[in-house]
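*Asks:* Build the full structure now, drawing on both the sequences and the hints.
Residue numbers (full-length UniProt numbering), protein chains in the order written: chain A, 1 to 671; chain B, 1 to 671.
For the record, the hints were derived by calculation from the structure and aren't laboratory data. Model, not experiment: these values are computed from the prediction. Every residue gets a Cβ at the ideal spot worked out from N, C-alpha and C, and that includes glycine. It is possible that part of the hints are untrue.
Derived Cβ-Cβ restraints for the label pairs, each shown as a range [claimed, not checked]:
id: 1; chain 1: A; residue 1: Q610; chain 2: B; residue 2: A471; range: 25 to 33 angstroms
id: 2; chain 1: A; residue 1: P430; chain 2: B; residue 2: D548; range: 24 to 32 angstroms
id: 3; chain 1: A; residue 1: V377; chain 2: B; residue 2: E304; range: 51 to 59 angstroms
id: 4; chain 1: A; residue 1: V72; chain 2: B; residue 2: D548; range: 42 to 50 angstroms
id: 5; chain 1: A; residue 1: V377; chain 2: B; residue 2: E214; range: 53 to 61 angstroms
id: 6; chain 1: B; residue 1: P249; chain 2: A; residue 2: V377; range: 54 to 62 angstroms
id: 7; chain 1: B; residue 1: A471; chain 2: A; residue 2: P301; range: 53 to 61 angstroms
id: 8; chain 1: B; residue 1: D492; chain 2: A; residue 2: V377; range: 40 to 48 angstroms
id: 9; chain 1: A; residue 1: K517; chain 2: B; residue 2: E559; range: 42 to 50 angstroms
id: 10; chain 1: B; residue 1: E559; chain 2: A; residue 2: R89; range: 37 to 45 angstroms
id: 11; chain 1: A; residue 1: V377; chain 2: B; residue 2: K517; range: 27 to 35 angstroms
id: 12; chain 1: B; residue 1: K107; chain 2: A; residue 2: E643; range: 27 to 35 angstroms
id: 13; chain 1: B; residue 1: R533; chain 2: A; residue 2: E643; range: 29 to 37 angstroms
Here are the chains, one letter per residue:
Number of protein chains: 2
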Amino acid sequence: MSKFSTAAKRLLVGRPFRSDRLAHTLLPKRIALPVFASDAMSSVAYAPEEIFLMLSVAGLSAYAFAPWIGVVVVLVMLTVVASYRQNVRAYPSGGGDYEVATVNLGKQAGLTVASALLVDYVLTVAVSIASAAANIGSAIPFVATHKVEFSVVAIIVLTAINLRGIRESGAAFAVPTYAFMAGIMLMIAFGLFRGLVLGDDMPAESANLQINAEHGDLAGLALVFLVLRAFSSGCAALTGVEAISNGVPAFRKPKSKNAATTLLLMGVIAVVMLMGLIVLAQLTGVRIAEDPATQLVNAPPGYEQKTMVAQVAEAVFSGFPAGFFFITAVTALILVLAANTAFNGFPVLGSILAQDRYLPRQLHTRGDRLAFSNGIVGLAGFAVVLVIAFDAEVTRLIQLYIVGVFVSFTMSQTGMIRHWNRHLATETDPAERRRMRRSQAINAFGLAMTGSVLVVVLITKFLLGAWIAIAAMAVIYLLMTGIRKHYDRVADELARAESESSFVLPSRIHTIVLVSKLHLPTRRALAYARATRPDVLEAITVNVDDVDTKRLVAEWDKENFSVPLKVVESPYREITKPVLEYVRRVRSDNPRDVVTVFIPEYVVGRWWEQVLHNQSALRLKGRLLFQPGVMVTSVPWQLESSEKVAERDLVAPGAIRRGLTGKDPMKDARK
Amino acid sequence: MSKFSTAAKRLLVGRPFRSDRLAHTLLPKRIALPVFASDAMSSVAYAPEEIFLMLSVAGLSAYAFAPWIGVVVVLVMLTVVASYRQNVRAYPSGGGDYEVATVNLGKQAGLTVASALLVDYVLTVAVSIASAAANIGSAIPFVATHKVEFSVVAIIVLTAINLRGIRESGAAFAVPTYAFMAGIMLMIAFGLFRGLVLGDDMPAESANLQINAEHGDLAGLALVFLVLRAFSSGCAALTGVEAISNGVPAFRKPKSKNAATTLLLMGVIAVVMLMGLIVLAQLTGVRIAEDPATQLVNAPPGYEQKTMVAQVAEAVFSGFPAGFFFITAVTALILVLAANTAFNGFPVLGSILAQDRYLPRQLHTRGDRLAFSNGIVGLAGFAVVLVIAFDAEVTRLIQLYIVGVFVSFTMSQTGMIRHWNRHLATETDPAERRRMRRSQAINAFGLAMTGSVLVVVLITKFLLGAWIAIAAMAVIYLLMTGIRKHYDRVADELARAESESSFVLPSRIHTIVLVSKLHLPTRRALAYARATRPDVLEAITVNVDDVDTKRLVAEWDKENFSVPLKVVESPYREITKPVLEYVRRVRSDNPRDVVTVFIPEYVVGRWWEQVLHNQSALRLKGRLLFQPGVMVTSVPWQLESSEKVAERDLVAPGAIRRGLTGKDPMKDARK
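*Replies:* Structure, rendered in structure tokens:
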């Protein structure tokens with residue numbers, strides 16, 4: 001069982017990483033861009049479509065708002081990029097928004113950001129994969145009718161890949177990201193050239209469809225609300241912009257400058273693609289309805305609404321289907337890559353939070369990637385739940401998505417303003433002060449922008465699903481505070497104990513060897529116990545069966561051990577309580593003694609053997625530890641079946657030994 | 001969690017038993033009869049009915065065979081009783097058939113009997129409860145239409161009662177058993193008086209129904225087969241006869257004689273009830289069909305077939321419904337009591353088998369009844385599965401039942417013949433030899449009888465369900481042999497090791513304290529480790545984070561411990577493997593040293609705290625035990641939350657301390 005599971009794990013997880021090897025893979029800008037920007041770029045695949053889709057509720061006439069909404073989104077995007085360029089300069093450590101908020105606004109703000117980010121990682125996976133499914137579905141109808149199944153399988157595959165090992169090469173990111181960028185740019189250029197220069201007519205397949213408003217004609221406040229809602233959805237384009245701020249340490253030097261440049265580059269490219277797609281959508285007359293079945297009255301029977309990107313590509317590359325297939329393929333690919341970003345980010349954030357004791361300690365050390373694996377599996381699990389719960393519908397998932405991103409943006413910009421205030425208070429150099437003031441102004445503008453968007457998002461999306469994301473954030477927040485409180489309480493307890501008493505060596509060691517039979521494991525335990533030269537050494541046995549006990553006592557007498565064997569009566573034929581009672585009595589008779597209980601244990605190699613041995617010993621061991629002033633020593637007797645396990649621990653996986661061959665695994669840190 | 005489960009267990013399980021108290025409740029015959037005979041007597045409730053039911057397949061005319069089948073069953077019953085009277089005299093230890101078979105025929109025979117008995121215990125519960133449900137259903141139609149639910153609930157209630165504590169008083173058995181015996185006897189006497197002396201007409205409610213043969217008229221071999229099958233079902237009356245042979249030690253002296261007398265008494269009463277019921281059934285014209293819906297053509301719509309006992313009672317006590325209700329109530333009650341017998345017997349047999357190493361060792365000691373509880377829950381679980389799988393239909397369950405009983409009878413009688421042969425080989429006293437020869441003859445006749453019945457049962461029931469019981473027996477047999485083989489292999493391994501090497505004291509103790517932080521748990525571990533005065537004492541820490549490690553080394557230097565701190569590098573940021581490597585190296589440098597690894601551990605009181613602490617330590621501990629020549633010492637640091645658990649272990653349950661007040665729990669078995 002354990003053998004199989006280890007083998008299975010190896011197969012899935014691959015060889016362990018060496019932390020020193022990871023540390024030396026610094027990224028040039030041309031690789032850093034695709035590695036960190038795939039998330040942000042991929043948003044272009046669904047953000048403009050969501051703008052049209054939301055506007056469709058008010059009928060075709062509302063489509064006229066689309067370019068203007070696009071412009072506002074671009075404005076917000078550029079502001080956020082400008083703001084984050086300040087962030088990466090001020091906080092080059094890679095802590096990102098969590099660090100900025102914690103340092104400047106305190107723990108609670110940091111935790112709020114962390115909760116928002118954790119929720120967002122899950123949503124990034126769900127939204128990206130659902131959108132990838134929709135894009136592939138535009139080319140392959142079978143996928144369109146099995147979106148949920150496809151998405152779940154995709155998440156599982158991604159999980160398996162990430163369990164095997166992450167970030168194997170920058171090329172894996174570079175090729176699809178540049179292909180996507182090139183493809184979309186080419187399509188935009190070619191489309192604009194055909195439409196505006198050649199004056200070609202490029203009707204999308206939905207160009208002739210009539211869109212009916214869902215609730216009749218909207219006007220006044222209702223229309224404003226709808227436009228704001230479309231804008232909120234369009235702001236999905238901003239998701240992932242913060243990724244670079246978490247990745248600064250991976251850049252080549254000068255890290256901050258390179259990161260800032262990459263950020264700007266990413267912003268410009270994203271903005272161009274976003275606006276280009278909106279313009280092309282209008283040129284080709286794409287119709288995207290929120291509810292195609294009821295809104296598109298003159299659609300042919302069996303009409304399946306394709307994604308906007310797919311429809312635009314089809315129209316622009318009409319007569320050249322390879323272009324259409326290329327665009328949908330690279331779009332799907334970059335979306336999968338974006339989902340993968342979350343698989344990298346989630347466990348890293350988890351380990352930072354664990355270091356700050358908001359998550360269980362063991363997440364901090366990578367320990368054969370076990371903790372990281374748990375994070376990856378957890379992330380995938382929640383994403384699968386979301387995909388299934390929302391039928392892999394991007395539009396429905398996106399309602400949950402944006403709130404977290406903007407909570408994090410807003411908190412981070414607020415933190416930056418404080419940051420500059422703090423520095424301005426001590427800085428005297430006028431040039432430096434001017435630079436700081438300028439940075440602060442940028443962050444303040446960023447705050448105003450992101451804060452407003454957050455309010456708009458909350459108002460327009462709350463009932464549509466944002467409340468779920470907020471509730472999840474609250475739960476995570478409370479959980480993390482609870483964990484931290486526990487660790488703090490433990491630290492307090494230790495500090496109190498430390499101040500109350502200083503350690504003196506225990507006066508004597510009273511060693512008790514637990515005996516059930518006089519066989520080799522017991523003899524070994526006795527020999528080891530004697531070798532520790534305790535002040536008192538005695539053996540005890542629990543009398544659960546008079547005949548057995550008498551035989552044991554007789555054997556003991558015959559052997560002439562110098563160790564006395566005491567018989568502890570057990571009127572209820574149980575083992576644990578009489579031993580606990582006995583130990584307690586020894587302790588209370590000699591309070592300054594330390595009691596060591598030696599327990600002989602069989603070590604077996606198969607899980608079912610464990611059922612046949614040591615059950616009483618294990619139970620007893622667990623309970624003994626609760627008694628103060630007691631140590632428990634396990635003296636193992638390895639049965640033959642255990643040998644394979646011991647070998648496997650040290651030799652079989654190979655990787656470690658191979659990794660260690662040139663190097664002494666121990667080095668004395670002291671003289 | 002653990003607190004709750006203990007509380008819940010206490011609530012269900014009640015106070016622990018004292019083994020010395022159990023030993024002194026010897027039973028007079030008048031109590032022993034109901035305690036051990038309820039199982040056998042209760043069979044009367046379904047055995048005669050099953051005879052009629054099987055015959056119904058051939059139509060009403062076949063009912064004429066019923067009394068003759070009854071006579072043969074009585075003959076078998078009396079033979080078996082006579083045989084077992086020899087058993088209880090020869091084996092008064094209470095080992096029963098398992099002991100007789102093991103001693104005389106060897107381990108394999110003993111195991112076969114044990115497997116058969118374990119399967120039978122499960123079936124006793126299922127059949128008895130299903131029959132109880134049918135009888136109660138005859139008086140309360142709601143129960144008849146919800147037999148499965150009723151049976152499952154009844155088994156759960158019985159399980160809870162048995163987890164609380166068994167055999168609280170003989171009266172609990174005596175009252176219902178005597179009430180049942182008195183009720184049935186009275187009914188038989190009154191019925192025969194009315195029918196034969198007064199010449200009353202006492203038609204049962206089904207007396208006017210026409211029974212159609214299921215497969216047309218049967219003749220020749222088919223009829224013989226059917227009659228044999230009806231006889232097999234009737235032999236269900238014999239189930240439980242062997243119970244007294246397991247209970248001999250509980251009888252007052254002279255144990256064997258009293259047990260033999262009780263056995264005879266039980267046999268006579270059972271036989272009288274069986275034949276009485278068959279005669280009454282014929283007098284009242286009861287019609288029992290295998291498939292009432294198709295066979296009883298002129299039944300009124302919605303006709304629900306009542307049990308034979310209920311129909312007879314209704315007819316005999318016509319105009320006096322209290323009689324009918326009394327009979328069905330006491331019948332149901334004794335059936336539940338019979339099911340309870342299995343709850344007593346199953347764990348006892350399990351503990352005997354564990355003593356012989358056919359089941360996990362821990363079943364041997366009662367340990368706060370935990371092992372017994374597992375047995376009881378397992379028994380109930382399997383019984384529930386059977387009840388659900390067979391719709392709580394007695395007729396379908398009984399096909400599985402009889403084969404096990406007769407395997408056990410046959411094995412036991414074969415064993416007894418061998419037993420007498422062995423004794424005859426050495427015995428010279430003619431009177432004694434004559435007595436032995438007579439006993440042997442009785443057992444031989446018993447063997448002939450039970451062997452023939454076993455063959456008949458196998459032939460007539462195999463396809464109807466007996467194969468399931470046989471398959472279950474085979475699985476249990478193989479499982480038990482496997483467990484025994486494992487224990488034997490371990491014993492062999494130890495013996496080989498013992499002959500190869502004699503123990504010498506290890507030359508030196510090399511003590512390693514595992515350090516992750518310099519806090520109180522670590523200081524305590526260091527102090528304790530130093531108190532054991534090892535030959536080499538060193539501390540090691542695994543470097544998973546350079547910053548943390550440097551801080552630790554600096555603190556360590558400041559404190560001026562006399563213990564060196566070694567830093568073990570961990571290129572893969574894990575803990576277990578570097579430590580294993582290090583320990584292995586220490587061992588190979590000094591093969592005669594014993595390495596003790598001291599691990600500081602937090603002890604916490606709540607299950608979720610366990611998730612937040614010690615995960616790495618636990619993992620490491622588990623792996624270290626696989627390395628030869630290594631001891632692992634846990635040095636616990638009890639957090640405050642653990643105190644309640646420690647208290648609970650010793651004080652809270654109360655029972656033990658109360659039980660122990662007058663008595664010192666330790667007594668020195670040595671001078």
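*Asks:* Does each hint fit the structure? Answer for all of them.
*Replies:* A quick look at each hint next to the structure:
Range check, Q610 of chain A to A471 of chain B: Cβ separation about 28 angstroms, and the 25 to 33 angstroms hint holds. The supplied range of 24 to 32 angstroms is broken by P430 of chain A and D548 of chain B, whose beta-carbon atoms lie about 41 angstroms from each other. Against the hinted window of 51 to 59 angstroms, the Cβ-Cβ separation of V377 of chain A and E304 of chain B comes to about 55 angstroms, which satisfies the hint. A C-beta distance of roughly 47 angstroms is found between V72 of chain A and D548 of chain B, which places it inside the suggested range of 42 to 50 angstroms.
At about 58 angstroms, the beta-carbon gap between V377 of chain A and E214 of chain B stays in the expected band of 53 to 61 angstroms. Range check, P249 of chain B to V377 of chain A: Cβ separation about 56 angstroms, and the 54 to 62 angstroms hint holds. As the Cβ distance of A471 of chain B to P301 of chain A is approximately 58 angstroms, the hint placing it in 53 to 61 angstroms holds. The beta-carbon spacing between D492 of chain B and V377 of chain A, approximately 43 angstroms, falls within the hinted interval of 40 to 48 angstroms.
For the pair K517 of chain A and E559 of chain B, the supplied restraint of 42 to 50 angstroms holds, since their beta-carbon distance comes to about 45 angstroms. Separation of E559 of chain B from R89 of chain A is about 41 angstroms and conforms to the stated range, judged on CB atoms against 37 to 45 angstroms. At roughly 29 angstroms, the beta carbons of V377 of chain A and K517 of chain B sit within the given window of 27 to 35 angstroms. Our hint of 27 to 35 angstroms for K107 of chain B and E643 of chain A holds, since their Cβ atoms are close to 30 angstroms apart.
At about 32 angstroms, the CB distance of R533 of chain B to E643 of chain A agrees with the hint of 29 to 37 angstroms.
In summary, the structure is inconsistent with hint 2 from the numbered list given earlier, while agreeing with all the others.
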